[in-house]
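Whenever a hint applies, use it, and build me the whole structure from the sequences.
Numbering (our numbering), first residue to last: 2 to 976.
Hints are not guaranteed to be accurate.
Said to hold, decoys possible - The calculated label-pair distances, taken between Cβ atoms and stated as ranges, are: (1) Lys443 with Asn613: 23 to 29 Å; (2) Lys458 with Glu740: 27 to 33 Å; (3) Phe70 with Asp139: 43 to 49 Å; (4) Gln901 with Lys707: 35 to 41 Å; (5) Pro387 with Asn301: 34 to 40 Å; (6) Ser715 with Pro674: 27 to 33 Å; (7) Ser584 with Lys478: 41 to 47 Å.
Derived from the structure by calculation, the hints contain no laboratory data.
Even for Gly, the Cβ is constructed at its ideal location relative to N, Cα and C.
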Amino acid sequence: MKKKALTLLAFVFIQIIQAQQVDPLLAKDSDAQGVWVDSIMKNMSVDEKIGQLFMIQAYSNKDKKHEDFISNMVTKYHVGNIIFMQGTPDKQVVLNNKYQELAKVPLMVGFDGEWGLDMRLKNTYRFPWNMTLGAIQDTLLLQEVGKRIGEHCKRVGIHMNFAPVVDINTNPDNPIIGNRSFGESKENVAQKAIAFTKGMQGAGVLANAKHFPGHGDTEADSHHTLPTINFSEQRLDSIELYPFKEVFANGVASVMTAHLSIPAIETNPKLPSSLSNSVVTGLLQDKLGFQGLIITDGLNMKGAANYSTPAEIDLAAILAGNDMLLIPQDVPGSISLIKKALAEGKLTEERLNHSVRKILKAKYLVGLNNYKPIATENISKDLNSPYDEVLHRKLIKNSITVLRNQESVLPIKNLQDKKIAYVSLGNDSGSDFYEMLSNYTKIDKISETHLSVLLQKLQKYNLVIVGVHKSDKNPWKSYKFSNKDLTWVQEIARNHKVILDVFASPYSLLQVPSFTNIEGLVMSYQNSKLSQELSAQALFGAFELKGKLPVSIKNEFKIGHGLLLDGLDVLQYTIPEEAGVSSEKLSIIDKRIDTILQEKMSPGGQILVAKNGKVIYNKSFGYHTLSKERAVKNSDLYDLASLTKILASLPMIMKAEEERKISLFSSLGDVLPSYSKSNKDTLLLKEVLSHYGRLRSWIPFYLQTKDSVTGENSTKYYRKKRTSKFSIKVAKNLYLAKEYKDSIYKQIVDSEQRKRPGYKYSDLGYYIFKEILERKYRKPLDKLVDEQFYQSLGANRMTFLPLNKFDKDEIVPTERDNYFRHQLVHGYVHDMGAAMIGGVGGHAGLFANANDVAKVMQMFLQDGSYGGKKYLEPETVHKFNKRYYENKKVRRGLGFDKPQLNPNIKATCGCVSDVSFGHSGFTGTYTWADPATGVVYVFLSNRIYPTMRNYGLVKSNIRTKIQQDIQDAILMAGE
2 MKKKALTLLA FVFIQIIQAQ QVDPLLAKDS DAQGVWVDSI MKNMSVDEKI GQLFMIQAYS
62 NKDKKHEDFI SNMVTKYHVG NIIFMQGTPD KQVVLNNKYQ ELAKVPLMVG FDGEWGLDMR
122 LKNTYRFPWN MTLGAIQDTL LLQEVGKRIG EHCKRVGIHM NFAPVVDINT NPDNPIIGNR
182 SFGESKENVA QKAIAFTKGM QGAGVLANAK HFPGHGDTEA DSHHTLPTIN FSEQRLDSIE
242 LYPFKEVFAN GVASVMTAHL SIPAIETNPK LPSSLSNSVV TGLLQDKLGF QGLIITDGLN
302 MKGAANYSTP AEIDLAAILA GNDMLLIPQD VPGSISLIKK ALAEGKLTEE RLNHSVRKIL
362 KAKYLVGLNN YKPIATENIS KDLNSPYDEV LHRKLIKNSI TVLRNQESVL PIKNLQDKKI
422 AYVSLGNDSG SDFYEMLSNY TKIDKISETH LSVLLQKLQK YNLVIVGVHK SDKNPWKSYK
482 FSNKDLTWVQ EIARNHKVIL DVFASPYSLL QVPSFTNIEG LVMSYQNSKL SQELSAQALF
542 GAFELKGKLP VSIKNEFKIG HGLLLDGLDV LQYTIPEEAG VSSEKLSIID KRIDTILQEK
602 MSPGGQILVA KNGKVIYNKS FGYHTLSKER AVKNSDLYDL ASLTKILASL PMIMKAEEER
662 KISLFSSLGD VLPSYSKSNK DTLLLKEVLS HYGRLRSWIP FYLQTKDSVT GENSTKYYRK
722 KRTSKFSIKV AKNLYLAKEY KDSIYKQIVD SEQRKRPGYK YSDLGYYIFK EILERKYRKP
782 LDKLVDEQFY QSLGANRMTF LPLNKFDKDE IVPTERDNYF RHQLVHGYVH DMGAAMIGGV
842 GGHAGLFANA NDVAKVMQMF LQDGSYGGKK YLEPETVHKF NKRYYENKKV RRGLGFDKPQ
902 LNPNIKATCG CVSDVSFGHS GFTGTYTWAD PATGVVYVFL SNRIYPTMRN YGLVKSNIRT
962 KIQQDIQDAI LMAGE
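Now the structure itself:
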């Protein structure tokens, strides 16, 4: 008996504790809050008090008639609260200020913005759905997004946001919750909801836990009918109510009562839970002890509206224990009925005062005791800041979930061994996904209407990326695979190594009959532009993946399943602010581009800026030529000119030095027999690389092949068609005698040296290094560097002899040559000497886009590593990035150009560190990397179009001015 008494006492104690929740509406300055509430209450008529119970819907995209209706509701019927629906933020702020001015007591403004203002307002920011957020393990990110949504709300005058949804989506067929839920784990839902609430209320906007007591396990939509929750009280208490109890204990300010039929609690099956005293008072207030604002779900929804007349529904909701009526359909009729209930004693004034006092406390809590109109300036800028995208990117990165990784197919590496195809399935576009994938390596998009033809086309590929793209216009869009897509996925996987990336609800995987043949399975949750771009980056290891599945998929994947995947040190693509750079300050580059085009310094170009491995600016501008027929694309290839020295020859020289095939202290006579008895036999390789070898700057070999009388190319050396004797292709329809290559090298051997020692930039050393490398490795330079570096780097758009791999339209022309080739040089190297040795020179001949130049420079910046592969030892990179003849006034390192020693020489902006390195090119190219700031800068142009006499780009120093702009845009701590 004593034991039973103790058990009963313990039960009563627990019930008392549950009923003693902290009042979430109590302000820190509660005494002042009480004084303000009392001052308002004592001056209110009964009609004014009743008016505080209503929150009517207002639109900012409707006509004056609607505005007058709202104004009348506020002035005549003393409506105390409004919820803004569709419209624009600018108009909403104007109307907000207008309606507030009309109100005797400041209006509480509500909003339904679960994923941000975008849920209702145009031109505002959209954050991910809750299901996506449910995959994130770092709850601080949930707090951060809650805070940011709260700040957006506050900016447009919203005081209460009807979020977060705390329903546990245990039913995959739920038509209305689904993606709006944090998932099917009660603990995960509760943790996410608490963090979101903390963030939003920390920003001064009241949160709202919905839809009490839980709308997650229904197959009907309460907007259209009354769904039934047919579970026992024990089940409801242990599952559905769990997250509500948790958020209540953590101070959520309000709760929304759902329109549900719950026979275990309310015996009348036709009575919506929002109108049930057993639910709203008995369960929510008495048993759970909730003291915050209680607000009905929208009373225009059929789940409630079908029950009775609008006025009777409103009265029933108040009698049930709700404090506020959301979207009432008959305010005048409801006021009359509530007054009648007061007169008849069905509703006491004490009960009315209880709700009004809570509403006023909430108004004080959000600062309406000191109301000020909302500023109308800079709304769009404030609601769409770079910080929003930085946060959005963080959320997506942390949500992407790897479900399968057989044979370590992820992240994709060893690109030299991969031939990759991309197949797009689903009813939405995957273009952003494909475009981003293509930044990392060559990816072929394969599209076909017939499966058999598709499978045939895929035969030559050893990896197929299948993207399933479903519309994420809103969270209710169908996520299901079509029967066709299911079949295609299975057949592709049966025949190929596959990575399946799903841009839809994880519930879509319930349809997949088997995952056996799917090596890589990635859940990306939504098909937004950012989701596509970031998921593509993730597949190549741009960042680590640590998302966890927020729902279960049959017996295949449990809740919380997700494989951890380390990132590789490859380039990411993002916005400046994520790398600590100001996009506003960086935008001055756009003005520099305008100057380049207006003054015809170049017909067009490409500029790329990366910081700390993050590409933050990657733009193409202008056209291929001044005729403006073909706009420059990011994928187009430029003649890199002397950038070839550090992007092709130098990596191989560094590798050869590491492998002890050469020594920097070897002389030319030691490594090349042809130099052993020349005037250059004692020149050290170190001296040649430093441009300290007394070599001539260049030799105009082509002049010696001209007819001395006519000045035309001599027929002794040239033919218009290839023959066995004339096989060196110099340009279109121009072939040089093959023995002349030996003549070129002999001229270099025999050339006079400068008499005075000292610095002199020279191309000749790189003819020599090409010869050395090809002798040591027994392969042509273009094959060497492609096999050793470019293929595995994914630099598939960096190449010598580009016409062998690319369409002419993808290559930007250089000069209209009227002195040697007598044609537009297009797809052939511009440098005459490199052209005369077949287009592959140690000093020139390389073509690329800015993106692939950045990969090589980033590899140098990362001490010789990229994409999880070590290409060079860190010591080697440091050794070559060093001046050895600085005391001789030589600014160069070994191959690399370095910042100027003489301030009158503009090799750089003068704003980069002494450990920085790079090179410039005659065609109007430039690249520079700075280990001190982590910046890689690439500038590509064809400034020599129409002729090399176009020196505007050079004289203006615009390339180094842009370098200064980049430096100026780097944000200091605290900015």
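Quick rundown of the hints versus the structure:
1. For the pair Lys443 and Asn613, the supplied restraint of 23 to 29 Å holds, since their beta-carbon distance comes to about 26 Å.
2. The hinted window of 27 to 33 Å between Lys458 and Glu740 is violated, with their beta carbons roughly 45 Å apart.
3. Our hint of 43 to 49 Å for Phe70 and Asp139 holds, since their Cβ atoms are close to 46 Å apart.
4. For Gln901 and Lys707, the Cβ-Cβ distance of about 37 Å falls inside the hinted range of 35 to 41 Å, so the restraint holds.
5. Against the hinted window of 34 to 40 Å, the Cβ-Cβ separation of Pro387 and Asn301 comes to about 38 Å, which satisfies the hint.
6. One distance hint, 27 to 33 Å for the beta-carbon pair Ser715 and Pro674, holds here, with the actual separation near 31 Å.
7. A C-beta distance of roughly 32 Å is found between Ser584 and Lys478, which places it outside the suggested range of 41 to 47 Å.
Checked against the numbered hints given earlier, the structure breaks hints 2, 7 and satisfies all the rest.
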